[in-house]
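4 protein chains.
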Amino acid sequence: MGVLIEGIKPNVKISISDIQNLLDKRKPKGKLTTKRKENDELVILSGVFEGKTLGSPIVAIVYNKDAKSKDYTDIKDVFRPSHADFTFFKKYGIRDYRGGGRSSGRETVSRVIAGAVAISFLSDKYNIEIISKITQIGPFKTDKWDKTSDNLPFADETQLKDIEKYINSLHGDSIGAIIESRIENLPLGIGEPVFEKLEANIAKAVLSIGATKGIEFGDGFDFANKKGSEVNDQMDKRGFYQIIQVEYWEEYQMEKRLYLEQ
Amino acid sequence: MGVLIEGIKPNVKISISDIQNLLDKRKPKGKLTTKRKENDELVILSGVFEGKTLGSPIVAIVYNKDAKSKDYTDIKDVFRPSHADFTFFKKYGIRDYRGGGRSSGRETVSRVIAGAVAISFLSDKYNIEIISKITQIGPFKTDKWDKTSDNLPFADETQLKDIEKYINSLHGDSIGAIIESRIENLPLGIGEPVFEKLEANIAKAVLSIGATKGIEFGDGFDFANKKGSEVNDQMDKRGFYQIIQVEYWEEYQMEKRLYLEQ
Amino acid sequence: MGVLIEGIKPNVKISISDIQNLLDKRKPKGKLTTKRKENDELVILSGVFEGKTLGSPIVAIVYNKDAKSKDYTDIKDVFRPSHADFTFFKKYGIRDYRGGGRSSGRETVSRVIAGAVAISFLSDKYNIEIISKITQIGPFKTDKWDKTSDNLPFADETQLKDIEKYINSLHGDSIGAIIESRIENLPLGIGEPVFEKLEANIAKAVLSIGATKGIEFGDGFDFANKKGSEVNDQMDKRGFYQIIQVEYWEEYQMEKRLYLEQ
Amino acid sequence: MGVLIEGIKPNVKISISDIQNLLDKRKPKGKLTTKRKENDELVILSGVFEGKTLGSPIVAIVYNKDAKSKDYTDIKDVFRPSHADFTFFKKYGIRDYRGGGRSSGRETVSRVIAGAVAISFLSDKYNIEIISKITQIGPFKTDKWDKTSDNLPFADETQLKDIEKYINSLHGDSIGAIIESRIENLPLGIGEPVFEKLEANIAKAVLSIGATKGIEFGDGFDFANKKGSEVNDQMDKRGFYQIIQVEYWEEYQMEKRLYLEQ
Numbered sequence: 026m027g028v029l030i031e032g033i034k035p036n037v038k039i040s041i042s043d044i045q046n047l048l049d050k051r052k053p054k055g056k057l058t059t060k061r062k063e064n065d066e067l068v069i070l071s072g073v074f075e076g077k078t079l080g081s082p083i084v085a086i087v088y089n090k091d092a093k094s095k096d097y098t099d100i101k102d103v104f105r106p107s108h109a110d111f112t113f114f115k116k117y118g119i120r121d122y123r124g125g126g127r128s129s130g131r132e133t134v135s136r137v138i139a140g141a142v143a144i145s146f147l148s149d150k151y152n153i154e155i156i157s158k159i160t161q162i163g164p165f166k167t168d169k170w171d172k173t174s175d176n177l178p179f180a181d182e183t184q185l186k187d188i189e190k191y192i193n194s195l196h197g198d199s200i201g202a203i204i205e206s207r208i209e210n211l212p213l214g215i216g217e218p219v220f221e222k223l224e225a226n227i228a229k230a231v232l233s234i235g236a237t238k239g240i241e242f243g244d245g246f247d248f249a250n251k252k253g254s255e256v257n258d259q260m261d262k263r264g265f266y267q268i269i270q271v272e273y274w275e276e277y278q279m280e281k282r283l284y285l286e287q
Numbered sequence: 026m027g028v029l030i031e032g033i034k035p036n037v038k039i040s041i042s043d044i045q046n047l048l049d050k051r052k053p054k055g056k057l058t059t060k061r062k063e064n065d066e067l068v069i070l071s072g073v074f075e076g077k078t079l080g081s082p083i084v085a086i087v088y089n090k091d092a093k094s095k096d097y098t099d100i101k102d103v104f105r106p107s108h109a110d111f112t113f114f115k116k117y118g119i120r121d122y123r124g125g126g127r128s129s130g131r132e133t134v135s136r137v138i139a140g141a142v143a144i145s146f147l148s149d150k151y152n153i154e155i156i157s158k159i160t161q162i163g164p165f166k167t168d169k170w171d172k173t174s175d176n177l178p179f180a181d182e183t184q185l186k187d188i189e190k191y192i193n194s195l196h197g198d199s200i201g202a203i204i205e206s207r208i209e210n211l212p213l214g215i216g217e218p219v220f221e222k223l224e225a226n227i228a229k230a231v232l233s234i235g236a237t238k239g240i241e242f243g244d245g246f247d248f249a250n251k252k253g254s255e256v257n258d259q260m261d262k263r264g265f266y267q268i269i270q271v272e273y274w275e276e277y278q279m280e281k282r283l284y285l286e287q
Numbered sequence: 026m027g028v029l030i031e032g033i034k035p036n037v038k039i040s041i042s043d044i045q046n047l048l049d050k051r052k053p054k055g056k057l058t059t060k061r062k063e064n065d066e067l068v069i070l071s072g073v074f075e076g077k078t079l080g081s082p083i084v085a086i087v088y089n090k091d092a093k094s095k096d097y098t099d100i101k102d103v104f105r106p107s108h109a110d111f112t113f114f115k116k117y118g119i120r121d122y123r124g125g126g127r128s129s130g131r132e133t134v135s136r137v138i139a140g141a142v143a144i145s146f147l148s149d150k151y152n153i154e155i156i157s158k159i160t161q162i163g164p165f166k167t168d169k170w171d172k173t174s175d176n177l178p179f180a181d182e183t184q185l186k187d188i189e190k191y192i193n194s195l196h197g198d199s200i201g202a203i204i205e206s207r208i209e210n211l212p213l214g215i216g217e218p219v220f221e222k223l224e225a226n227i228a229k230a231v232l233s234i235g236a237t238k239g240i241e242f243g244d245g246f247d248f249a250n251k252k253g254s255e256v257n258d259q260m261d262k263r264g265f266y267q268i269i270q271v272e273y274w275e276e277y278q279m280e281k282r283l284y285l286e287q
Numbered sequence: 026m027g028v029l030i031e032g033i034k035p036n037v038k039i040s041i042s043d044i045q046n047l048l049d050k051r052k053p054k055g056k057l058t059t060k061r062k063e064n065d066e067l068v069i070l071s072g073v074f075e076g077k078t079l080g081s082p083i084v085a086i087v088y089n090k091d092a093k094s095k096d097y098t099d100i101k102d103v104f105r106p107s108h109a110d111f112t113f114f115k116k117y118g119i120r121d122y123r124g125g126g127r128s129s130g131r132e133t134v135s136r137v138i139a140g141a142v143a144i145s146f147l148s149d150k151y152n153i154e155i156i157s158k159i160t161q162i163g164p165f166k167t168d169k170w171d172k173t174s175d176n177l178p179f180a181d182e183t184q185l186k187d188i189e190k191y192i193n194s195l196h197g198d199s200i201g202a203i204i205e206s207r208i209e210n211l212p213l214g215i216g217e218p219v220f221e222k223l224e225a226n227i228a229k230a231v232l233s234i235g236a237t238k239g240i241e242f243g244d245g246f247d248f249a250n251k252k253g254s255e256v257n258d259q260m261d262k263r264g265f266y267q268i269i270q271v272e273y274w275e276e277y278q279m280e281k282r283l284y285l286e287q
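Residue numbers (this note's numbering), protein chains in the order written: chain A, 26 to 287; chain B, 26 to 287; chain C, 26 to 287; chain D, 26 to 287.
Source of the hints: derived by calculation from the structure; they are not laboratory data. Bear in mind that the values here come from a model prediction, so they are computed numbers and not experimental data. Treat the hints loosely; a few may be bogus.
Unchecked claim - Straight line, CA to CA, 27 Å or less: simulated BS3-like cross-link-like pairs of lysine-lysine:
no., chain 1, residue 1, chain 2, residue 2
1, A, Lys190, B, Lys252
2, B, Lys77, A, Lys169
3, B, Lys77, C, Lys115
Stated by the list, open to error - Covered by chain D, according to a simulated footprint, are these stretches of chain A (three or more residues, beta-carbon under 8 Å):
no., region
4, 28-38
5, 110-121
Think of the CB as a built atom: it goes at the ideal place given N, C-alpha and C, for glycine as much as any other residue.
Please build the complete structure, drawing on both the sequences and the hints.
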C-alpha cells in the first residue's frame, strides 16, 4: 500500500513516528478485531528532507512483506460479500485475486498515512485540531464525550468492558458503529460557494471510505422537526450574536446583543 | 440566475417546456411557502439547436425582471440569519447587498435547470429514472411511497391536508424536512474506486445544497446496530444472489442460490 | 458569444469601457480585413458590482443582434475549408450550420473579454504588463519594437503603408503572421514544477487559438545551434548574475559578479 | 525516481523489458553524453498483474542505489546554472541539495516510464505509432527521415560520424537540437474544442520538458509567409479532398474531387 500526497506546503514538520503511531492504531488488534496480522512499517520515498516537507509530492509506502510466497489458488474464484470484488470484475474485466486491492479495507492504510500528514500540516500551520470518537457501536450509545481517554476510541470509557464482552460474543461477525468528529480552531471562510462547500467536501471524503453509509452535520436528521426560528444564527457586521434582551419603545425595537467569540 | 452545463453528449432531446415545468415546481407557491413572486422564464443561449444538444456547453438564463428599480438602502447593512452573508462578507471583503447571490436559496434555480437537462440526458440515453419524495416534514412522517401522486411531493397523499394546516399555523416560520430519492435502472460500475465512489459524489452534490445537513444510503445510521452477517451481499462470478437453501453432505457444503436480476 | 470567468479575486477594478476598447480592436476593420460587420456590445451579467469584482464568477455576453432572421438554407451543406466544421460534424454527429460555433474565429470574442479582465487583474494586483506586436506579416519582418505606436499592431511603424498596400493586393485572401509578446514585472516562481511550468501553460493557451501553429520562448528554435555554455544563466543564493571578471590565484578561482536586478 | 500513471484501461499488455529498453535509451551513454553512470532498474509496485494492466493506478519506481552514502557538503550552497535550483529555493524556502529533484534532468526517467506505458496502450488499443528523430543538432540539419535506423536517433544516418566527432570536440559542453515527431493512425476527433485542442495539449506536454523552448506543427513559423488559399484543407460531408479538375458550364461550376483516405 502506498500514497502520493500533493498540496502540502514546504517546511511542515513531519514525524515518521507520529504517522507510525496512527498506522499502529489502524491495525486490526487483539481480541476486538480480525486476527489477520499486519506489520505496517512506513517508508517515505520523497517529499520530506531532514524532517520537513519540501513542497514536492510526498510518496510513502508500506511494503507487503509476507504476501508474495502465498498460494492463492483456492481464492481465485471467490468473491467476498459486501466488497466491490464483483463490481470491479464486471467493470474492468480483470482481477488481481490475491487481495482486495482498492476494494479491500487495507486501502485505508494509505488514507491513514495521508491523514497523519494532513493533521501535522493543519496543526503546525493553522493550530487546527481534529478529534474523533465512537459514539455508538451496536446497541451501545453515549452522549458523553470523554476527551481524556485518548487511546480508547469509544467516547464513554465506563461502557468499554461491556462493549468488549459484546464483541467477543459475536464470534467473528462484525458490528456497525457511528463516529463523531470535532474540528477545533477552524478559520472562517474555508470552502467555496455552491458546489465546493466545506460540508459537501467532508461528506464526499467520509462517504468515500468503504462501508460508510451516512453523515450528519450538527443536529443532522433531527433538523427535520425543527423550525427555522429555532436554528437560525443571528449576525451583523461585527459577528454572530445571541439576542439577550429585546425592548420596544413605541414602534421601535431595540435588541441587546451578546457577541460570540470567534 | 444562470447556469453553464458541460459534458452533455450531442443529440440529446431537450424540451424547454419540461425544464420550465420543473422551474415552476421550484417556485415558492401559494399559501404553503413564502409570498415572494418569482416569474422564472427560461432562455437557452447556447448548446441546443432544433431541440437537440450540440455537445457544446449549454448556457441557460432566467433573467431577473423586476429587481432593477428597487431601493435597497434599507437592507444595505442587514445580514440575514442562517445565510452565508456574514461569511461571504468576511471572506471576500465586498458584498452585493441587493440579494443573497450565491448564498441565496434562489441559487437553486440554476441547479433545477441543470438537473432538468441531466434528467433528460439520463432518461434519453440510459433509461435511468430518478424519483424524489418528502418522507418527513416537521412532525409528519411516512413509510409509504406513493408513486402516483406526481404533483404532490409528500410520499403519503393522505396526510397532505394536515400538513397544509400545520404549515399555515407556523405563520411564516419555516420547518425542516427529509427527502428520499430513488434511482432506477442504474447500470453496474458507475463511480470510480477510492475517492470517486458514486455514494461519495452524491453526498457531495446533496450536501452542497444550502441548508442540507445530512445524507444516508440504504439503512444509513441504522446500520450502527446491525451485524455484517445481516447486511452482506452474496455474490459470485454470475452475480448477486440470495442463499435459499444450504445442504451439508459429510464435510461438503452445498448452497442453492437464487440469482437476482440486474 | 459569452464567457464565464472564474478565479478573479474580489475588489479588482473592472472598466467596461476598457474591455469594450479591446473588443473593438478585435473587430474586423475597414480595408485590411473581412467586410463582415460585427457590433460587439458587451453586457456583464454577474460577478461585478459597482465597478469591482465580487469574487464570484463573471459572466459577460455579446448578444448577436442581426443574425436571427437570416436565411441559412444555402450554407446548410457547406463545410468551410481550414475550419473544424468537418471534424465537429464527424465527432458530434450534429451541426449548427448557422455559424462556426466553437470552430469560428468569432470564438475569440470570448477570449478577448476574459483577457481584458485578466489584464485588469494582473495590472491592478501585481503591476504586470503584457504587450504584443506583430513582428512578421507575410514578407514583412522587423526586429524593431516600437512601443509608442499603441494603436498600430505592427512593431515597426515605418512599414505600415507597404503592408496595407500588400494586403489590399491579396483581394480577400488571408496571410500568415508572427506575434511577439512581452510580459513585464512577472514575479519569480510563477508556475509549478514538472507539468505545470509557466512556459507549458502559455504554450497550451496560445496553441489553443485557432490557426496558431507554433510558439517559441527566448531564442526558441535558434537554440538548436547554441552551446550550453553560451545560454546558461549564472546564479547563486543572492540571485542571477553575469561573470564580469575571473581571477586565478594558484588553484583558486575567483569571480567578480554583477547581480541583475529582479 | 518514480511515477504514478492513471487512466490506462485494464487488460493492456505491459512488457517490463520494453519499458526497460526505453529507460536504457534515455541513459547518458558513452562518449556522446555526460559521464554520470545511471543504472535504472525498473520495479512496478502496482496496477499490473500477470503482464496486464488492472485499470488501477500504475506505480513504477527506479530506486537510487548508490546515492545514499555520498557526501554532499561541498555542493550544499552551489546552484547549478540553467536549472530551477534558485527559483525553487526562493519559491519553497527549503531545498534538498543532494540532487536537482524536480529541476533535474533525471526527472525525465519518470516521463520515459509513463511514455513507454502510453506507447503500449496506444499501440495495443488503437494501433497508433509515434516515431521521433533528431532533425537538427548544432550545425547538422537534415530533411531526410530514415525510418529504418531505429537505434540511431538522428534522422539521417550518413551524418552520424561527423556528429560524433563534433560532440567530442565540445569537451563536455552541451549543444542544442530539434526533434521531429510523427504520429500515425491518429483517429479523427481527438482533442476537445477551444482550450483542449490536441495541438494545445501536445504543446503543453512538450514545453513542460526541461530546456525545451519551442514547438511547431506542420509548416509552423513558415506559415507566416503563406496565404490562406495555399494552406487550406478542402472538405465536404464525405471527407477531405483535393480539387483535381474544375469545369464551368454557363454559370455553374463543377469540381472533380479526389477524396483522401482517412
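Okay, the hints, checked on the actual structure:
For the suggested pair lysine 190 of chain A and lysine 252 of chain B, the alpha carbons sit about 15 Å apart, so the restraint of at most 27 Å is met. Between the alpha carbons of lysine 77 of chain B and lysine 169 of chain A the distance comes to roughly 58 Å, so the proposed pair goes past 27 Å and is violated. For the hint pairing lysine 77 of chain B with lysine 115 of chain C, the CA-to-CA distance comes to about 16 Å; that is within 27 Å, so the pair holds. With 3 residues having a beta carbon nearer than 8 Å to a beta carbon of chain D, the region 28-38 of chain A meets the requirement of three or more and the stated coverage holds.
Given as covered by chain D, the region 110-121 of chain A passes the check, having 6 residues with a CB less than 8 Å from a CB of that chain where 3 are the minimum.
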